[in-house]
Structure formats: structure tokens, C-alpha cells
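Chains as they are written, first to last, in the numbering used here: chain P, 1 to 269; chain D, 1001 to 1358.
Treat the hints as calculated values from the structure; they're not laboratory data.
Beta carbons: idealized from backbone N, C-alpha and C, even for Gly.
Mixed in with the good hints there might be a few duds.
[Stated by the list, open to error] Some but not every residue of chain D turned toward chain P, in silico, with C-beta under 8 Å:
1) V1243
2) Q1245
3) L1246
4) D1247
5) G1255
6) A1293
7) R1295
8) G1299
[Said to hold, decoys possible] Simulated coverage check for chain P against chain D, where a stretch passes if three residues somewhere in it have a Cβ under 8 Å from a Cβ of chain D:
9) 42-55
10) 59-71
11) 84-94
12) 106-114
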Amino acid sequence: MLRVEGVRFGYRGRAVLDGVDARVDEGEVVGLVGPNGAGKTTLLRLVSGVLRPDAGRVLLGGSDVSRVSPGDLARMVAVVPQAPRLPPGFSVLDLALMGRNAHLKLLRWEGRRDVEAAERAMSLTNVGHLSDRPLETLSGGERQRAVVAMALAQEAPLLLLDEPTSSLDLSHQTRVLDMIVDAQERRGGAALAAMHDLTLAAQYCDRILMLSEGRVHAGGTPEETLTEENIRAVYGARVLVAAHPHAAAPVVLPVSERRRAGGYGAGSR
Amino acid sequence: MRPALSEESPTRAVRVGRRSYPWGRLAAALAALAAAAVLAAGVGSVAIPPLDTVKMLAGRLPFMDISPSWDATFETILWELRLPRVALAGIVGAALAMSGATYQGLFRNPLADPYLIGAASGAGLGAVIVLATPAPEYVWGVSILPAAAFAGAVGATTAAYAVTRSSGGLPLSTLILAGVAIASLTSAVTTLIMIRSDPDLRPVLSWLMGGFASADWNDSVIVGLYLAPAAAVVMVYSRVLNVLQLDEEHARQLGVNVERAKLLLIAAASLATAAAVSFSGLIGFVGLIAPHAARMLWGADYRSLIPLAAVGGSAFLILADLAARTAVSPAELPVGIVTALCGAPFFLYLLRRRRSVV
């Protein structure tokens, strides 16, 4: 479905992505991990067509993203941005219906089919009861679910997520991710998600792509990628990787340098 | 795909009524506009009772046979003096409110107004270049005044847009500061041109002050001809204008051709501003007050906001012009003073209320 081939990209001469290859197949959930500045958001922006690669290609369903019109592209990829601007005065339903834009001709307003698609997306993300609520009155978790509803209403086979849980508290993190993975599974869609929390990424992703300074450091199943060596090399952090007691996924535990050394001031490096 | 850990998310039935267009509100707004027009047409040195005004208007309709029961001079006063003025004020008010609403949507800034962002002064500069320099005023018998004003408005809007765009995350007030600078610059150039040109500046000066004293039916027709295509573009793009409220990158990811939408919307709003400025000079704050009133009363959706703001702006400017010509009768105030007296405090109120958000 998605192929990223040798993509390079730089802002003002500073290379952000330096020869990245990646792929996402039908029905897959792929996690994008790496420290801040590794190029996760840039890669997502290249895939959604708002940036053009300096070299290399991004192919979606076989066609080059930089040659596809915004409307055609939006029918293939939907995006959940990290910190979307939600306009005051519009309701949750209004927002979900904006997700239908790519399916509407310029002169057409939303019809029954679009309202139905928006309602389906809202009930998947459990904001159906908030339909008429103005966006500025929503809590953080409700906002995030409303934005996901808009992206799902777009009915694109590939969903891009940029840190979908970064603004959520613990209970909402798993709830929102469950809901996204459920929804994509039901529709046979795929997802590419930049994620901060490695343990969460391990639980939800079929494959993980670990970026470091604009290059792919490792890729594969969570077990293959989320190793203590890889994480130390990419994040420069000492961690313990253990088996999840209830799920078939590795758990990444941060390890304090202080504790290991057994007290204050005793440097362990 | 890994199994999800939670229970099935409950599929709640979503209750949504048919999303219908607020025709009732539009009809109510139009009725208020008609009432304002009848009132304004009746007030003056010769008072015409509103009922007579309505009868005279109805009498012009086909198949309406109303025997005249009013003073014959009423007819002349109404058709030759009062109504042309009311019509021009109304159509200019609609143009300013529509371009104000469009600029607010385009800049995602509730403080935008054709006057405050410098578009109106840009249009004024364009018009003064034609009026006060040896540049020809007519080409093939058609006045190029609106075209010059259009060029000025587009230039000023583009400058304001470029400043706010390159300043990225700066607060909303940047746009207004840019507008102040652009307006100062254009009015300085305007003054310079006027000083260096023909010694008789009175017509240019009185035009710049703004007003409808010399209105005739033709003016309304010409403003309408410019307003119609602008209104068509803005209404066609009104749904896209909603999506643009997210932000430009997000709108693009939702399938909006952002560059084309912006180009057409800037052109349409500038055309409406230019048409208004060409015939009535610089009148501020109509484009701020009317969209805000419509938004507060009836919601933020641009598909209904734009027509409701246009009707509201029309009624507001008709009443402002009524105040301008009756407050210090027999003298007249420039109508821009009346709109500023209403609009500037409102602007300050918005600024204060928005401070937490900006």
C-alpha cells in the first residue's frame, strides 16, 4: 500500500531524513519510534503530501504522492495531527463532516451518505453522544476522539497518526488506541503511527520502524526492534526489556542510572 | 493485527436531525433589513409615513393596483433622493460585511475587517491614483476606478497575508498591526499624490471621507455588478472556508486545494471591498460588526454566516447612514464616523475578550 523509497528531505539545508525506506501493507499497523528530532513527523508529512521529498519517492497504491491532487490523496490517506487547531463554534458533527471534504465536489454540501459516514466514525470513537457539542467545550480526551472521528470519516485506507496519545491521560491512551486499531481492522485499513511510548507501540503495532537522526536504525516485529541494544543506541538510554505478563509484546522499562549505582553522586557510566 | 485489549466500543445510536439550512433565520434577517430600509426612506426634512413608503413600493410591482393616497412630492423624494441612497448604503454594507467575513475566515482571525487589515486603504490609494493623477479615468468609456481600487485592495491584502504567514506562531494581533502599518503607508502615499496633483481636491477629499450623499441608482447597479461574482465565489467556497478553519496543512490533508482556494477568496473579498470603496470611500468596522453579530446569533458555519452577515451589514449601514444625515441635521456627518463610533468600542471589547485566547 505505502512504499517509501530512499527519501531524503531537509529544511534549509539541514538534512532531516537521509535515505529512508519504509513500507506499510494492507491491514498492518506500523509504529514509528525514535527520539525527538529523529524525523518521525517529517516522514508523516511527506506521506500526506504536504512536503515533497528532495530525493526518493513516496508511493501510495503505486502512484507518486507528489503527482496526486490533494483531493485524490485525501481519499487514500487520512491524518490525525499531533496538535490540531479546532475552530471554536463548530460542533463535533461539523468536524466529523469536514472529514468528508475529499468525497464532495466543490458545489456539493454534505448529503445523507456523508452524515451516515460521520455518524459511523463518531460512534466508533465513542463521541456520538457529543454530536452537537461545540469543540471548545470538549475535554482533552474528547477532542482527540473527535479528531480521530474526522479522520475515520474520511474513509481512507491508510491512517497516519502523529503521537495520538501524547495529550491523553493513562486511561484514555489505551482507549483511543484500541478504538483506532479496532476501526482500521474492521475496515481492513492500515495505519502508520508515530509513537512516544515504546511499550504502547509494542502492544499495538505489527511492525515497528525505529528512526535515528533521519535514518532507519531498525525495523521488524516489536520483539526484533525493541531490544535493549537498539534503544540504547538510538535514545542513549539504559532500559530493561521484559515480557508482558498478559500480552505477547515486550515491555520497555526505563532504568534510573542513580538506582543502579546505588546512591547519589555515584556515577555509573 | 494484534487483538485489541478492551471490550467492544459501544455503538451508540447517534441522533442527528436533518442538517437543514437556516432559511427561517435568513428570512427574519431580510425582514429586519426591509424594515430598516423603509424606516430610513421615511426619515428626513420631509417625513414620509412608513405605510405610504410600503404602498409606493408595492405600487411599482406588476399586478398591484394601489390608488395614490399620498402627497405627489413624496413619490419624487422617495424615488429620486431617499431610495437611491438607501440602496447604495445597503449594497455597500453587504459588500463590506461579506468581505469582512471572508477575511476573518481566510486569516482565521476574528479581528479581520477590510478597513483594519488595510485592504480598504489600499483600494483608496488605487482609486486616488486614478482620480488625482493624469492617469486616464475612462478606458473605452468604462471607468477604471473600481479596477484600480481592486488592484490596491489585492496588494494590501497580499502584503498583510505575507507578513502574518512568515511570522508563523505570533498572535492574532500581528495581522492588525500589519494592517495599521499598511493603512498608514497607503494613506501617506494617498496624501502625497493629492498634494502634488490638481489644486482642487474637494471632490477627492469628500469621496475619501466616505458617504452616500451623491448616490444615484446607477451607483448601486455598478456596485451590484462587481459584488455578484465576488459573492458567487465566496458562497461556492463557503464549505471549504469552514475546513480552512482547521489550519492550512490540515485542510490540505483533508483534500482542499489550499492555494487555489486562498487565491480565489482573496480576489473575491478584495473585489467586494474595492467596489464598496470606489463608490463610498473608506467606511470602517461594518466588516467587523456584522459577521460577529451573525456568528454570535447564528453560529460559525460560513455557509450561513456569509449571507446572514451580508444582510446584517446592509441593515447596519442603512441605519448608520440614517444617523449620519439626521444627527446634526441639516448638516451631515461622514457615515464612517458613525460606524467607527459603534465599531471601535466593539473592537476593543473583542480584543479584551480574546486576550486569553490570542
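*asked:* Less than 8 Å between beta-carbons is the criterion; does D:R1295 satisfy it with respect to chain P?
replied: Status holds, d = 7 Å.
_Outcome, coverage of the stretch 42-55 of chain P by chain D - at least 3 residues whose beta-carbon is closer than 8 Å to one in that chain_ = holds (count 4)
*Taking 8 Å as the limit, does the beta-carbon of D:G1255 come near enough to a beta-carbon in chain P?*
Holds, because the Cβ-Cβ distance from D:G1255 to chain P comes to roughly 3 Å (cut-off 8 Å).
*May I ask you to test the interface hint for D:Q1245 with respect to chain P, counting a Cβ-Cβ separation under 8 Å as satisfied?*
Cβ of D:Q1245 sits 4 Å from chain P, so the hint holds.
*Check whether three or more residues of the stretch 84-94 of chain P sit with their beta carbon closer than 8 Å to a beta carbon of chain D.*
With 9 residues in contact (Cβ-Cβ under 8 Å with chain D), the coverage given for the stretch 84-94 of chain P holds.
_Next item in the hint list is D:G1299. Is there a CB on chain P closer than 8 Å to its CB?_
holds (6 Å)
_If you count the residues of the stretch 106-114 of chain P with a beta-carbon closer than 8 Å to a beta-carbon of chain D, do you get 3 or more?_
holds (count 4)
*Mind taking a look at whether chain D covers the stretch 59-71 of chain P? Criterion is 3 or more residues with CB to CB distance under 8 Å.*
Since 3 is at least three, the answer is holds.
*Against chain P, with CB atoms and a cut of 8 Å, does the hint on D:L1246 hold up?*
holds (6 Å)
_Does the closest beta carbon of chain P sit nearer than 8 Å to the beta carbon of D:D1247?_
Constraint on D:D1247 satisfied, holds at 5 Å.
*With chain P as the partner, please determine if D:V1243 meets the hint condition of a C-beta pair closer than 8 Å.*
Check passed: Cβ of D:V1243 comes within 5 Å of chain P, closer than 8 Å.
_Interface hint check: D:A1293, Cβ to nearest Cβ on chain P, cutoff 8 Å. Holds or violated?_
Violated, because the Cβ-Cβ distance from D:A1293 to chain P comes to roughly 14 Å (cut-off 8 Å).
The structure fails hint 6 only (numbered hints given earlier).
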